[in-house]
Amino acid sequence: MRLAVAALALLGWLAGCGQRPSVEQTPGDAGRFQRELQEKLLDAKPGEIIEIPAGRHLLDRSLSLRVSGVTIRGAGMNATVLSFKGQRVGAEGLLVNASDFTLENLAIEDTRGDAVKINEGERITLRGLRIEWTGGPSTRNGAYGLYPVRTRNVLIEDCLVIGASDAGIYVGQSADIVVRRNRAHQNVAGIEIENSRRADVYENDVTLNTGGILVFNMPNLPQRGEGTRVYRNRIYANNTANFGAKGTPVASVPAGSGVVINSNDSVEIFDNELRDNATAHIIISSYFSTGYMTNEGVAKDFDPYPEAIHIHGNRFSGGGDSPDGLDLKTLKLAMFGLGGRFPAVLWDGYRDPKKLQGGKLPPELALCVRDAGPVLNADGPGKYRNPSLTREGFDCTLAALRAVELER
Amino acid sequence: MSGRSLQGPRSLQRPRALAGLTALSAVLALAAFLAGCTPQEAQPVFHAERNPATLADWQVLQIRAGVLGPTKGVIPYELNTPLFSDYAHKLRTVWLPAGTRAGYGADGALQLPVGSILSKTFYYPRRDAGNGAGASQGALQATAAAIGVLAGGRLALDQVQLIETRLLVRRAQGWQAVSYVWDDSQRHARLQRVGEIIPLELEGVGKFDYVVPDINQCAACHATDVERATLAPIGLKARHLDRDHDYGGKVGQKNQLVHLEQLGLLEAAAPAASASDGWTRAASWNDESASLDSRARAYLDINCGHCHNRQGPADTSGLALDAAETSPIALGVCKSPVAAGRGTGNKKFDIVPGHPDESIMVYRMASQDPGEMMPELGRSLVHREGLELIRRWIAEWPGAPGCAQEASNSARQSASSARLSRSQG
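Protein chains in written order, with my numbering: chain A, 1 to 408; chain B, 1 to 425.
One thing to keep in mind: the hints can contain errors.
To be verified - Stretch-level coverage of chain A by chain B, calculated; a stretch enters the list once three of its residues show a Cβ under 8 Å from a Cβ in chain B:
hint, region
1, 83-97
2, 218-226
3, 231-240
4, 245-253
5, 293-300
6, 365-378
Just so you know, these hints were derived from the structure itself, not from any lab. Since the model is a prediction, treat every value here as computed from it, not as a measurement. Beta carbons are placed, not taken as given, at the ideal position from N, Cα and C, and that holds for glycine.
Could you build the full structure based on these sequences and the hints that come with them?
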């Protein structure tokens with residue numbers, strides 16, 4: 001019966017192609033489905049909807065799209081599966097270089113590299129997708145699940161991303177971004193917003209990653225990021241050992257991190273539920289703390305300091321009791337004892353000395369942390385000799401960031 | 001800081017007397033060129049709209065008496081340093097519509113008129129070279145030797161195995177790419193739009209997947225400006241073409257740019273070799289008489305620079321490896337990767353001066369895993385000789401080796417250790 005249904009579905013798919021119908025695919029039979037799908041992508045016209053029927057479809061090389069205005073739609077994230085388990089060619093599952101693109105309601109599994117990469121484009125929608133490396137966390141998994149880069153006006157919603165060896169959902173060097181109602185589980189970074197401007201990250205379920213949600217700026221790139229809101233998310237038990245390859249930005253993230261801000265500005269974190277993240281619920285850090293700062297390799301105009309950070313109204317429980325890495329374990333033991341725990345918010349202590357006025361950042365660049373208890377200042381600039389718990393200077397408010405408007 | 005990568009363009013070392021060529025001598029040159037042609041000889045057919053089903057329909061190449069060669073008016077060319085494509089050899093040709101000629105654009109790129117056709121035929125010398133044409137695909141050779149190559153861009157088919165011929169066609173709407181795959185008999189090449197994997201075996205290298213790109217994958221390399229997303233030829237630039245080629249017949253060995261000028265196919269005056277819009281002759285990557293730096297930069301330029309330039313698809317990485325790049329950071333010196341994923345190979349920087357084994361660039365060139373290797377497309381095998389060149393280039397980097405971790409210049413606070421990051425050991 002199932003075979004018959006599958007055959008019917010396949011028939012529907014093949015009807016337009018004048019090909020003979022076939023029963024279930026076997027490995028090594030990646031050929032025809034793949035050829036026909038790629039041909040549809042090559043011949044797509046703006047406005048076209050490419051439907052991929054239910055079934056488990058095997059592919060061994062990357063798919064790619066370069067026509068704007070195309071929708072690729074499956075029959076559901078558990079019904080239509082594109083499996084790249086036997087992938088032989090290509091650094092992605094699907095590579096898109098186009099605007100007005102929608103990908104929805106299907107699954108992409110086990111790509112060798114990134115699952116979906118969109119390089120340059122506007123009005124990008126990724127909806128109801130399941131992206132999964134089915135063997136669970138492994139350094140051998142592909143790097144990024146959903147990866148729009150240098151895009152504008154991006155909506156990622158209702159997706160499930162599991163097992164990325166870098167970031168499950170990674171929006172890089174983009175602008176005007178909404179990431180909502182997704183589940184990011186068992187990735188190194190659940191969700192990462194990097195060198196991007198104006199991002200709203202809300203109502204996501206983020207757990208079992210190494211780090212939950214990252215808001216980073218990296219040097220040597222044309223666009224610096226700022227203006228990210230992280231709110232109404234559930235960010236809990238992100239304690240998976242870091243399985244990222246060394247050298248990647250996320251490799252520096254300690255397991256047990258809820259939200260990590262690095263070198264980014266104008267970040268507002270509020271109304272989140274943060275629970276059982278064993279290093280800290282929120283880390284505010286500079287590029288100095290990544291281990292990648294060199295004189296030769298970082299552009300002189302790069303600003304490594306996080307500024308205008310606004311943390312308020314979050315709900316914290318548990319966590320901070322088993323930090324990752326010897327340095328942090330030692331720090332916790334020294335300050336809070338064996339049974340103690342870090343406070344909700346850790347700060348590496350770096351501020352731009354050129355901007356200090358009377359020993360403080362100007363109000364519009366301040367680090368404001370309320371409703372979170374005292375902040376642990378790790379005293380990075382003092383070579384970590386005098387870490388301290390403090391509220392001083394953190395009890396402030398910044399103007400709320402404006403909501404991102406995608407107009408759709 | 002290394003100064004080796006900061007060379008300005010050298011002055012142009014090519015014959016200059018040409019600018020003064022009279023119309024008479026041009027006619028004479030053309031006459032000499034045409035002397036070998038018979039009146040009925042085929043000439044290229046430009047298809048303005050659609051790609052015909054077979055390569056033969058273009059009439060850019062023809063087979064006569066077991067020899068594949070250009071048709072009338074089609075000019076073969078080669079590059080100082082070519083892209084590595086799994087040890088395939090390539091026969092390249094250019095054809096311009098009658099009465100037109102190319103000019104020089106920015107970066108010394110040849111600007112070809114609508115109707116132009118470029119072809120690139122991928123082939124391997126056969127192990128059984130000389131044992132008769134039409135043998136089935138057995139083991140092929142991974143050799144730099146020009147086996148089966150005859151003067152004038154012709155190939156003896158009993159000595160080589162043709163795999164595919166890719167065309168770049170200059171249509172009204174821009175350049176378009178298409179590939180034709182040869183059959184085993186080497187008589188017909190058929191249109192292949194969606195790509196193909198061809199299992200091949202190279203002597204001393206082993207079995208591998210030869211990948212025919214789909215049309216979008218052609219664009220992955222040839223859309224060298226990702227925002228404009230339009231295709232362009234990569235090799236057809238003055239710096240790659242400035243070399244001799246054996247045209248055979250009465251022409252014999254001649255500089256390619258000179259030859260195109262003499263045929264009236266290229267504007268006579270090359271742009272001044274200035275820093276802004278001029279060009280520097282690219283070294284041949286395996287020319288031991290050239291400097292190590294010029295060879296390595298030429299290799300990176302042609303193998304990486306089409307994506308890794310400041311407008312290219314890999315501008316997202318901040319790594320720029322085209323010939324024009326001068327910033328050491330953009331070239332990868334002590335630069336952290338942005339989105340390399342597991343392509344880092346657990347290394348922290350793209351290039352660590354003096355330490356090829358700590359350099360991500362070397363790791364990714366040595367990888368055959370589609371999820372981490374570079375280039376991402378266009379090879380299944382490791383280019384051992386090219387890898388060795390880049391290894392040497394990094395190993396012999398001038399100045400202090402390594403990347404001083406812990407920046408500590410006075411403008412910045414010193415960072416003693418990555419205390420808030422997990423141990424990187």
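| message | Using a Cβ cutoff of 8 Å, are there at least 3 residues of the region 245-253 of chain A near chain B, or does the coverage claim fail? | response | Three-residue rule met by the region 245-253 of chain A, so holds; n is 8.
| Proximity test - 8 Å, beta-carbon atoms, the region 365-378 of chain A to chain B, at least three hits | violated (count 1)
| query | Are there three or more residues in the region 231-240 of chain A whose C-beta lies closer than 8 Å to some C-beta of chain B? | reply | With 0 residues in contact (Cβ-Cβ under 8 Å with chain B), the coverage given for the region 231-240 of chain A is violated.
| Does the region 83-97 of chain A contain three or more residues whose Cβ lies closer than 8 Å to a Cβ of chain B? | holds (count 7)
| Taking a Cβ-Cβ distance under 8 Å as contact, does the region 218-226 of chain A have three or more residues in contact with chain B? | holds (count 5)
| Outcome, coverage of the region 293-300 of chain A by chain B - at least 3 residues whose beta-carbon is closer than 8 Å to one in that chain | holds (count 8)
When held up to the earlier numbered hints, the structure conflicts with 3, 6 and fits the remainder.
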